[in-house]
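The task is simple: from the sequences and hints, build the whole structure.
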Amino acid sequence: MNDRAMLSPDSLARIDREVAKYPAEQKQSAVMSALIVAQDEKGWLSTGTMDYVAQVLGMPPVAVYEVASFYGMYNLAPGGTHKLTICTCLPCGLQGSLEAADHLKRKLGIGFGETTPDGWFTLKEGECMGACAMAPVVLVNNKRMCDFMTHDKLDALLAELSKKG
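For the sequence shown, the positions run 1 to 165 when this note's numbering is used.
Hints were generated in silico from the structure; no laboratory data involved. Please read all numbers here as calculations on a predicted model, not as lab measurements. Take these hints with a grain of salt, some might be off.
[Said to hold, decoys possible] Calculated lysine-lysine pairs in the BS3-like style (CA-CA distance at most 27 Å, straight line):
hint : residue 1 : residue 2
1    : K105      : K153
2    : K105      : K124
3    : K124      : K153
4    : K143      : K124
5    : K107      : K153
6    : K153      : K163
7    : K42       : K124
[Said to hold, decoys possible] Ranges between beta-carbon positions, derived for each pair:
hint : residue 1 : residue 2 : range
8    : V62       : H151      : 39 to 49 Å
9    : D102      : A20       : 39 to 49 Å
10   : Y71       : T116      : 16 to 26 Å
11   : G96       : P117      : 26 to 36 Å
Each residue gets a CB set at the ideal place from its N, CA and C atoms; glycine is no exception.
In structure tokens:
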């Protein structure tokens, strides 16, 4: 597979910058960053995309699959335009995240791991995001953390994201 078009030149340059952070013989250490770059471009990680990342990093595809399937930040199937991940671990649950999750489920009409029929939102249940003191916490597309999410703030977030493509 010598298809340099699997990822854009910009994405390949970003991966090269991540690889450069490690000794040449340990470029596979950039696998997590490379997967994020690939996911940012493709929206999710297909087997073909993960195979390509493995080729770029000179590692067995199964090693890339192991990383991608272990961490919840990777999308192994197509999802909505906006992925909302809410932490439901015990400390956050005690501070209202379970009620916030129920509110999102009602507003979106979906459960965890589901996507709205219009393809706009995917709702995910997350593990600790390291922000227990700011719960409920919602992570938007693995990039933006929203904290102290009351029902009103959740409604405002949904309205804001509904306006963006």
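Hints and how they fare:
Pair hint K105 plus K153 holds up; C-alpha atoms about 15 Å apart against a cutoff of 27 Å. For the given pair, K105 sits about 10 Å from K124 by alpha-carbon distance, which is consistent with the 27 Å threshold. Pair hint K124 plus K153 holds up; C-alpha atoms about 18 Å apart against a cutoff of 27 Å. Between the alpha carbons of K143 and K124 the distance comes to roughly 14 Å, so the proposed pair stays at or under 27 Å and holds.
The suggested pairing of K107 with K153 holds, with an alpha-carbon distance near 13 Å, which does not exceed 27 Å. A hinted pair counts as satisfied when its Cα atoms are at most 27 Å apart, and K153 with K163 qualifies at roughly 16 Å. With a C-alpha separation of about 19 Å, the suggested pairing of K42 with K124 holds against the 27 Å cut-off. Judged by the Cβ atoms, the range 39 to 49 Å given for V62 and H151 holds: they are separated by roughly 43 Å.
For D102 paired with A20, a C-beta distance near 45 Å keeps the hint of 39 to 49 Å intact. As the Cβ distance of Y71 to T116 is approximately 24 Å, the hint placing it in 16 to 26 Å holds. A hinted range of 26 to 36 Å for the beta carbons of G96 and P117 is consistent with their spacing of about 28 Å.
Of the numbered hints given earlier, the model fails none.
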